[in-house]
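S.K.: One-letter residues, chain by chain:
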Amino acid sequence: MTSSAHVLGSVLAAGPGFQAPGIEAFYPHPLFSFAVLGVQFEITRITLILWIATLAISWFLVATVRNPQVVPGRMQFIGESGYSLVRDGIARDVVGPRGLPFAPFLASLFFFILANNLMSIIPVAQISPMSKFAFPLVLALICWVMYIWIGIREQGVGKYFKDILFLPGVPKPMYVLVTPIEILQNFIVRPFTLAVRLFANMFAGHMLLLVFSLGATYLFTVGGLSYVFGAVSFLMAIVMTFFELLVIFLQAYVFTVLMGTYLNGSIEAEH
Amino acid sequence: MNILAATENPLIPPLGEIIIGLIAFAVVFVVFAKLVAPRFEQVFRARREAIEGGIERAEAMQTEAREALERYRAQLAEARTEAAQIRDQARAEGQQILEELRTQAQEESARIVARGEEQLASARQQVVNELRGQIGALAVDLAGRIVGESLADDARRRGTVDRFLDQLEGMAVGTPDGRGGGVPVSEGNR
Numbered sequence: 001m002t003s004s005a006h007v008l009g010s011v012l013a014a015g016p017g018f019q020a021p022g023i024e025a026f027y028p029h030p031l032f033s034f035a036v037l038g039v040q041f042e043i044t045r046i047t048l049i050l051w052i053a054t055l056a057i058s059w060f061l062v063a064t065v066r067n068p069q070v071v072p073g074r075m076q077f078i079g080e081s082g083y084s085l086v087r088d089g090i091a092r093d094v095v096g097p098r099g100l101p102f103a104p105f106l107a108s109l110f111f112f113i114l115a116n117n118l119m120s121i122i123p124v125a126q127i128s129p130m131s132k133f134a135f136p137l138v139l140a141l142i143c144w145v146m147y148i149w150i151g152i153r154e155q156g157v158g159k160y161f162k163d164i165l166f167l168p169g170v171p172k173p174m175y176v177l178v179t180p181i182e183i184l185q186n187f188i189v190r191p192f193t194l195a196v197r198l199f200a201n202m203f204a205g206h207m208l209l210l211v212f213s214l215g216a217t218y219l220f221t222v223g224g225l226s227y228v229f230g231a232v233s234f235l236m237a238i239v240m241t242f243f244e245l246l247v248i249f250l251q252a253y254v255f256t257v258l259m260g261t262y263l264n265g266s267i268e269a270e271h
Numbered sequence: 001m002n003i004l005a006a007t008e009n010p011l012i013p014p015l016g017e018i019i020i021g022l023i024a025f026a027v028v029f030v031v032f033a034k035l036v037a038p039r040f041e042q043v044f045r046a047r048r049e050a051i052e053g054g055i056e057r058a059e060a061m062q063t064e065a066r067e068a069l070e071r072y073r074a075q076l077a078e079a080r081t082e083a084a085q086i087r088d089q090a091r092a093e094g095q096q097i098l099e100e101l102r103t104q105a106q107e108e109s110a111r112i113v114a115r116g117e118e119q120l121a122s123a124r125q126q127v128v129n130e131l132r133g134q135i136g137a138l139a140v141d142l143a144g145r146i147v148g149e150s151l152a153d154d155a156r157r158r159g160t161v162d163r164f165l166d167q168l169e170g171m172a173v174g175t176p177d178g179r180g181g182g183v184p185v186s187e188g189n190r
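Sequence lines, in order, name chains Y and U.
Per my numbering: the first sequence = residues 1 to 271.
Per my numbering: the second sequence = residues 1 to 190.
Hints in this document: simulated from the structure, not taken from any laboratory.
It cannot be assumed that every hint is accurate.
[Stated by the list, open to error] Derived list of chain Y stretches under chain U, where covered just means 3 residues or more per stretch with a C-beta under 8 angstroms from a C-beta of chain U:
(1) 39-52
(2) 60-68
(3) 73-85
(4) 126-135
(5) 144-155
Here the structure is a predicted model, which is why all the values come from computation and not from measurement.
For every residue, glycine included, the Cβ atom is placed at its ideal position computed from N, Cα and C.
Full structure from sequences and hints, please.
M.R.: Laid out in C-alpha cells, this is it:
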C-alpha cells in the first residue's frame with residue numbers, strides 16, 4: 001500500500017498536479033440572482049436540482065394514486081410501500097397509537113429527503129441539494145417547531161417544559177447535571193444533529209464520489225502505470241455510488257424515524 | 001471561485017436558500033397531504049373492508065346454512081308427527097269400519113235368522129193346519145174303531161174333535177215349561 005502510494009505520489013508529481021476537489025464544488029455559479037425585500041436569492045444548478053426533485057417526487061406520488069385499486073398495480077405498489085413504511089413503521093409503531101395523523105407529514109418528509117438525496121447519484125445532476133446545509137436545516141427547523149408545538153398542545157405548556165427542565169424520577173441533586181443536558185438536548189442538539197447528520201452524509205458522499213471520479217479521470221490522462229490506479233479509482237467510484245445509494249435511503253429513513261421518536265416524546269408524557 | 005469558497009462557511013447558509021427549501025418542502029407536503037395520503041388511506045380502508053366484508057359474508061352464509069338445517073329438521077319432525085297422526089287416524093278408522101261391518105253382519109245374520117224362524121213358523125203352522133184335518137179324521141176313525149160306536153152327529157163329533165185337538169195343542173205348547181203336564185192332569189181330574 002505504501003509502495004503504491006509512493007508510485008501514485010510520483011505520478012502526481014510528474015504532471016501539473018492533481019487539484020483535489022474542494023468546497024467550491026458546492027458553490028456553483030448562480031445562473032441568475034435577484035433580491036426580494038432585501039433577501040438575496042441565487043438560483044444555481046443546485047436550486048434547479050432541488051426543484052426538479054421536488055416536482056418529480058410530487059408527480060410520482062400523484063401518479064401512484066391516479067387510479068387507486070384494492071389490488072395495487074406496480075406504480076401504486078411502489079408508492080404504497082413507501083407510504084406504508086412510514087405510516088405503519090414510523091407513525092404507528094414509533095410515534096404511537098395517536099401517531100397516525102402525523103403519517104402524511106412524516107411521509108412527505110421521507111419522500112422529500114429521498115428524492116433530493118437520490119439526485120446525488122442521478123447522472124447530470126449528481127449532487128444532492130441536501131449537501132447544502134440550508135435544506136436539511138429547513139427540515140430540522142420545521143421538525144423542531146413541530147415537536148415542541150405538539151408537546152405543548154398535548155401536555156400543556158407547564159407540564160411540557162417542567163418535564164424537560166425537571167426530568168421525573170431523577171434524584172433532586174442530579175438536576176444540577178440533568179437539567180442543562182436536557183435543555184441542551186431538547187432545544188439545541190436535536191435539531192442541530194438532525195440537520196447536520198443528513199447534511200454531512202450527503203456532503204461527504206458527494207466529496208467521496210468527486211475525489212474518486214475526478215481522480216480516475218486525472219489518472220487516465222497522466223498515462224503510464226497510472227492507468228492501473230485510474231482503473232482502481234474508477235472501480236472505487238462505482239462501489240462508492242452503490243454505497244451512496246444505501247446512504248441515501250438510510251439517511252432519509254433515519255431522519256424520519258428520529259422525528260418520529262421526538263414526536264413520540266411530545267405526545268406521551270413519559271420519556 | 002476559490003476566493004468565493006474561502007469566504008463561505010458551509011454551516012452558515014444564506015437566507016434565500018432557507019426560504020427556497022421551505023417552499024420546496026411545502027410543495028411536497030401540500031401535494032402529499034392533500035392529494036396522495038387521503039387516496040392511500042382510502043385504498044387501505046377499501047382493502048380492509050374487502051377482507052372484513054369477505055369474513056362477514058362467510059359468517060352470514062354459515063348462519064344461513066345453520067338456519068336452513070334447523071328449519072329442515074323442524075320440518076322433518078313435523079312431518080314425522082303428522083305421519084304418526086295419519087297412521088293413528090287410519091287405524092282408528094279401520095277399527096270403526098270393522099266395527100260397522102261387524103254390526104252390519106250381525107244385523108244381517110239376525111235378519112236372516114228371523115226370516116228363517118218366520119218361515120219355519122209359517123211352515124209349522126201350515127203343517128199343523130194340514131195335520132189338524134188328517135189327525136182329526138184319523139183320530140175319529142181310530143176312536144170310532146176303538147169305541148165301536150158311530151158318532152152320527154156330525155156337529156157333536158166336530159166339537160169333540162176340536163176340543164181334543166185343542167187339548168193336544170195345549171199339551172204340545174205347555175210341555176216344555178211343565179205346565180203341559182198339569183193340563184192332562186186337570187183334564188183327568190175333571
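S.K.: Does the structure break any of the earlier hints, and which numbers would those be?
M.R.: Violated hint (a single one): 5; every other hint is consistent with the structure.
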